[in-house]
Amino acid sequence: MEHLNLLYPEFALGSLALGLLVSDLFVAPKHGRLLYHLAWIISIVTLCLIGFTISDGAHFQGVGTLWAVDPFSQFFKMLILLTTVLSLLMGLEYRELPSKHAGIFTSLLLMASAGMMFLVSSTDLLLTFIALELISISSFILTGFERRNPKSNEGALKYFLFGAFSSAIMAYGISLFYGATGSTRLLNVTQAPGPLMILGLLFILLGLGFKASIAPMHFWVPDAYEGAPTPVTAYLSVAPKIATIAALMRIFTLMLPASMLDLTSLFTLLAALTMTIGNFTAMFQTNVKRLLAYSSVAQAGYMLIGLVAAGTSGGDVRGIEGVLLYSFIYVAMNIGAFVVVQAVATEAAAAGAKDPYGLEAFNGLARRSFGLALALTFCLLSLAGIPPLAGFIGKLYIFESAVKTGHIGLAVVGLVNSVVSVYFYMRIAYHMFFKQADSAEPIALGPYLYGGLAVAIAGVIIFGIYPEPLIASVQSSAGFLP
Amino acid sequence: MTLTHYLTLGAIVFLIGIFGALTRRNIIGILMSIELIFNAANINLAAFNRFLHPQGVAGQAVALFFITIAAAEVVVGLALVLAIYRNTDTVYVEDFSLLKG
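Residue numbers (my numbering), protein chains in the order written: chain A, 1 to 482; chain B, 1 to 101.
Chain A on its own, in the form it takes in the complex:
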């Protein structure tokens, strides 16, 4: 057990999350908001701890243990914690969440984040599996947290059935991998991959792909996202996705390079399928939460392009950098969009709308609150990849890396998909700017939502116009340990 000190952030987050769980017993329900504040402060403290381990210049050694702490994983850990903070801020303004069980809610959210932090660091399939289960089990409960809401129940149940099924298959895959190599360790796999190992790896890919919502395993996404409380939706649509993409990247391109096992064509197919299915299904949605759910499927597809480029034999590091860059930008733009959606839906629900998340709830938003409408438009344009917003930079980087490694067809599919996606993103903008509103009341935006939105929009605009510092930090974070 060398360098255990590098795991302090995870230890801190995990034990403080347990503390929150216990403190739920002692904090009166009317002071429940206190626990939310405590939770996001804990996340920021953990973020600082990670910052220390980076500036420490400590070794990032994973050999002989289950985990590798390298710039690659540190980068993703920071993103995950940032997402956690923003989601907790959203939770503070979400009325449906009972303040009665704030301790349980926040503790589960932090547990899931701790699981993701382990997942991005893991170099052993056993730890990968346990981390994945920590994320899954926490997020099943979070999805069904509105116990009296049948939609929340149903979303959680569907999520659970798909999730448990795919993790069971992944467990079977790990057993086959163990049979082929004699250990669950991914480091120093020397055996030439035989049929047993390839089958095992495919099952493992299925388990991870489920969490990252890659196309054939994406059926749970819209239902779970629609049923979940909105802060949880925002969290689930970002954090587990980028964490799992990072894990996929570590396992399938860094640990088992293409020279050993070439899955490039499989990943190319998955990327194209994920983008296409996500975008073309999103077109027909009338519920904004579902629309953003399908859009997040498509976004996972774009990130997979980077994975393909990084995994191609002789591929350059730009693919990895592209995934890091895109993940960062994705956090900002997706959370920003969900913040506005939550504000609008809260207002619509208070006004007695039949479907507070329907497109109609956005009618005439520009006349009611121009700032909010503009902010949402910026986030959506960024998701679609329109310059000069940050999403464009991310897509440019990823498509460029694909072209450079010879995946021109894939880049073209990605480009066509981006064009298609403009249609459904702009449908929301159409409702906001050109439809008549039912009321002229401006939308109230609480201080925490305001703060979260400000951070997100700042990220989307600043890194779109001036991406150099982000690109520089991404380039220094693309280092990883074998």
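No lab work stands behind these hints: they were computed from the structure. Each hint should be verified, as a subset may be incorrect.
[Stated by the list, open to error] Derived SDA-like pairs: lysine to any residue, alpha-carbon spacing no greater than 25 Å straight-line: (1) A/Lys151 <-> B/Asp89; (2) A/Lys354 <-> B/Leu99; (3) A/Lys151 <-> B/Glu94; (4) A/Lys151 <-> B/Ala83; (5) A/Lys151 <-> B/Thr23; (6) A/Lys151 <-> A/His101; (7) A/Lys151 <-> B/Leu98; (8) A/Lys151 <-> B/Val93; (9) A/Lys354 <-> B/Ser97.
[To be verified] Some chain B residues judged to face chain A by a derived CB distance under 8 Å, without partners named: (10) Gly29; (11) Ile30; (12) Ile37; (13) Phe48; (14) Ala58; (15) Val76; (16) Leu99.
[What the hints assert, rightly or not] Far from chain B, some chain A residues (derived; all Cβ distances over 10 Å): (17) Arg33; (18) Asn153; (19) Ser175; (20) Asp223; (21) Leu261; (22) Ser265; (23) Phe370; (24) Pro388; (25) Phe392; (26) Asp438; (27) Glu441; (28) Val455; (29) Ile465; (30) Leu470; (31) Ala478.
Since we're looking at a predicted model, the values are computed, not measured. For every residue, glycine included, the Cβ atom is placed at its ideal position computed from N, Cα and C.
Using the hints provided, position chain B relative to the given structure of chain A.
Relative to chain A, chain B alone:
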């Protein structure tokens, strides 16, 4: 008894689990099928440990982890089933159709 016997048993249990999870209409039935898949993995791990990699107990240790995790997962699943049963009075998946589009 050779490794092949155990692996065949594991594969049969795995396939029964997959078939059950895909065709069952009752949530409890699906949960049981998922448990079967987990157990197939455990059979494999123990058999591989015994026959292919007798040095160390990594396989059995992993099997222990899987048993624990599967139990934790089922606990959450049953809690969700209970919550949804209170609201809708049914445990059949085809009755859950609030979310679509």
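Is the nearest Cβ of chain B still more than 10 Å from the Cβ of A/Glu441?
-> holds (28 Å)
For the pair supplied as a hint, A/Lys354 and B/Leu99, is the alpha-carbon distance within the 25 Å limit?
-> Roughly 15 Å separates the two Cα atoms, so the pair holds.
Within 25 Å, alpha carbon to alpha carbon, are A/Lys151 and B/Val93?
-> holds (14 Å)
Hey, A/Lys354 versus B/Ser97, does the alpha-carbon distance stay inside 25 Å?
-> Cα-Cα ~17 Å, so holds.
Looking at A/Asp223 again, its CB stays over 10 Å from all of chain B?
-> violated (4 Å)
Would you check whether the claim that A/Pro388 is not at the interface survives, using Cβ distances to chain B and the 10 Å cut-off?
-> A/Pro388 clear of chain B: closest Cβ-Cβ about 34 Å, beyond 10 Å.
Proposed proximity, B/Ala83 with A/Lys151 (alpha carbon, max 25 Å) = Between A/Lys151 and B/Ala83 the Cα gap is close to 12 Å, so the pair holds against 25 Å.
Verify that the Cβ of A/Asp438 lies farther than 10 Å from every Cβ atom of chain B, and report whether the claim holds or is violated.
-> Holds: least Cβ distance 23 Å, greater than 10 Å.
Least C-beta distance between A/Phe392 and chain B, which was stated to exceed 10 Å | holds (29 Å)
For the hint on B/Phe48, just tell me whether its beta-carbon gets within less than 8 Å of chain A.
-> holds (4 Å)
Going straight from one Cα to the other, do A/Lys151 and B/Thr23 come out at no more than 25 Å?
-> Distance of about 23 Å is within 25 Å: holds.
Verify the interface restraint on B/Ile37: the C-beta must sit less than 8 Å from at least one C-beta of chain A.
-> holds (4 Å)
In summary, the structure is inconsistent with hints 10, 18, 19 and 20 from the numbered list given earlier, while agreeing with the others.
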